[in-house]
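Quick mapping for you: the protein sequence lines, in order, are chains R and X.
Numbering-wise (our numbering), the first sequence opens with residue 1 and increments by one.
Numbering-wise (our numbering), the second sequence opens with residue 1 and increments by one.
These are calculated hints, taken from the structure and not from any lab test.
Some hints here could point you the wrong way.
[Claimed, not checked] Calculated lysine to aspartate or glutamate pairs in the EDC-like style (CA-CA distance at most 20 Å, straight line): (1) K196/X x D184/R; (2) K305/X x E179/X; (3) K190/X x D197/R.
[To be verified] Quick list of simulated restraints, FRET-style, between CB atoms: (4) E272/X x D184/R: 54 to 64 Å; (5) E271/R x S302/X: 50 to 60 Å; (6) K192/X x P115/R: 25 to 35 Å; (7) E114/R x K181/X: 28 to 38 Å; (8) E119/R x L194/X: 56 to 66 Å; (9) K196/X x G42/R: 46 to 56 Å.
[As the list claims (entries may be wrong)] Take a look, some chain R residues computed to stay more than 10 Å from chain X by CB distance: (10) T85; (11) R153; (12) W202; (13) N204; (14) H282.
This structure is a prediction, so every number in the text was calculated from the model and none was measured.
Using N, Cα and C, we set each Cβ at its ideal position, and we do this for glycine too.
Number of protein chains: 2
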Amino acid sequence: MKSIKVFAPATVANVACGFDVIGLALDNPGDEIEMSLSDTPGIKILGINGADLPLEPSKNVCGVALQALMQKYEDKNVGFEMTITKNIQPGSGIGSSAASAAGAVVAANILLGEPFAKEKLVRFAMEGERLASGSAHADNVAPAILGGFTLVRSYTPVDIVALPTPPNLWVTVIHPQIEVKTSDAREILKQKVLMKDAIKQWGNVAALVAGLYRNDYALIGRSLEDVIVEPVRSILIPAFHDLKIKCKEAGALGGGISGSGPSVFMLSTSEETARIVANVMHEVYAPLGVDFKVHVSPINQSGVKVISQ
Amino acid sequence: MKSIKVFAPATVANVACGFDVIGLALDNPGDEIEMSLSDTPGIKILGINGADLPLEPSKNVCGVALQALMQKYEDKNVGFEMTITKNIQPGSGIGSSAASAAGAVVAANILLGEPFAKEKLVRFAMEGERLASGSAHADNVAPAILGGFTLVRSYTPVDIVALPTPPNLWVTVIHPQIEVKTSDAREILKQKVLMKDAIKQWGNVAALVAGLYRNDYALIGRSLEDVIVEPVRSILIPAFHDLKIKCKEAGALGGGISGSGPSVFMLSTSEETARIVANVMHEVYAPLGVDFKVHVSPINQSGVKVISQ
């Protein structure tokens, strides 16, 4: 029986100024998915390591994403069996559901002989996101599948733009072990924003994209400013402002809330600085009495990767 | 006496999705400014050809921009005399005041031996814009001085990013001879916008910048969509929607209102298409009984240019 094992990366959505449109992929952490083709039609989730998630395909993001793929695949007689290993904690804000959904559709696509382009796979994985959060957003699944930085220009129709990644860009992420539900984090956002704030935000998003193309780290740093969402959501994250100020003092270019939180990310221009920033995160959080994890990672350039085949 | 003659280009601000932040420069039309250094301190406007504008320096955008420059220049004993030839009609929405202000500061800077960097000149010229429209915006003066496409990332502090210009990009502009005051065009805008519209807008601005870096004309075309300002301001422009649809059918990538109107611009990927689009504009406007002018121009790559010295 043909089988494959893939690594599916964590991702940082929004990237400060790019609410709902920009995302980036990490080299670690990531989920692993082992998948086999089966002669029995249907999707079977044999087990999930590391998290308490439903095995029933229609209630599991991998299952739902695969179902979306199978709906567009001609041969209805193939089936899939898979085991999921969750290394990205659900609810962390670094694309846990997106990684699993992305891993599942990329693995299945390879097993089937790659009938679908990556852009199509993004659409299938978005159905997993619809299950996980109620909306089929693409700002985590796009970087999880394509790697690097991605832009979701539009949802109607889905229009994904792969952006370049400047060399030596590192990410430090702190995940405070508190629960912030994506749906709650969405609900506290206002439906209307001030025009003058919106203008600032799109000035910064445009500059972030220019900075990525120019390898202009200073410009990237200046553009990592979120005047729309961060002022509202940061109240849900302990010591957010202190953390941000101290990480930037320690050399980080800038950062913000990862996705809908509670994780916070910082970008740096070297592994050394990214590790210093990690230490600063430890120093800020250690006295708070909140459990936390810190990840240090380069930007993942490839998206979902085959581990063995 | 040292003297110089410069050409100062018309500009298209906003460029559809980039309200208040993106601008581009045209090769034509443009104003001309002849300027001489003088031993008598102060600014003297000897004459203005082609428009009825104040000669008094404190009431003229060139005078005010030059005053801003002189405030930062050490030697207070120099003066300037100038004659302005207006080929860009005031109130047209293609940066008439910006061109004159930009031309004046660039000419003066050259006469003084270039003590100021271009970014500084943008700030001086912005003072002309403050006089002309009540706000010191930079989205016309930046492309007039730097050429090509520019981005105003921020006003506090002023942070201008020069963007690349894909080859063979042409602009067609129709200027309906009706009056739309910048202040009126500003007043009809809402102070708040829907979050979902703002997200669409910054997705498009980000994609426009990516398209310019990638020379991706299709992406540029898809991103030339303005869901915030155009729906409100387009009511001030006769036959706007008909014009836009027919220009795109004729091969234009897309376009929108130039600045605060009433001019409308369209981008095309060749001179041939740009001229076909010009014909379409003629066809749409001829029956309306509104006077109009049409300009066809490549993107200006250099900003203000020296004609003679």
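Range hint 50 to 60 Å: satisfied by the CB atoms of E271/R and S302/X?
Because 41 Å falls outside the window, the suggested range is violated.
Against the 20 Å threshold, does the CA-CA distance of K196/X and D184/R hold or violate the hint?
holds, 17 Å
Decide if the proposed pair is consistent with the structure: K190/X and D197/R, CA atoms, cutoff 20 Å inclusive.
The hint holds at about 13 Å.
Starting from the hint 28 to 38 Å, judge whether the C-beta atoms of E114/R and K181/X obey it.
The hinted range 28 to 38 Å is violated for E114/R and K181/X, with Cβ atoms some 58 Å apart.
According to the definition I'm using, a residue is off the interface if its beta carbon is farther than 10 Å from all beta carbons of the partner; does T85/R meet that for chain X?
holds, 34 Å
A cut-off of 10 Å on Cβ-Cβ distance, and H282/R was said to be off the interface with chain X. Does that hold?
holds, 32 Å
Outside-interface status for N204/R - nearest CB in chain X farther than 10 Å
N204/R is in fact no farther than 10 Å from some Cβ atom of chain X, at 6 Å.
Within 54 to 64 Å: is that where the Cβ-Cβ distance between E272/X and D184/R falls?
holds, 55 Å
For K192/X and P115/R, compare the CB-CB distance with the range 25 to 35 Å and indicate the outcome.
violated, 46 Å
Does the no-contact call for R153/R survive, Cβ to all of chain X over 10 Å?
violated, 4 Å
Taking C-beta pairs only, is W202/R more than 10 Å away from all of chain X?
Incorrect as stated: the minimum Cβ-Cβ distance to chain X is 4 Å, not above 10 Å.
Sort out whether E179/X lies within 20 Å of K305/X, counting only the CA atoms.
Not satisfied, since the Cα-Cα distance of roughly 29 Å exceeds 20 Å.
Figure legend: structure checked against the earlier numbered hints; hints not met, in rising order: 2, 5, 6, 7, 8, 9, 11, 12 and 13.
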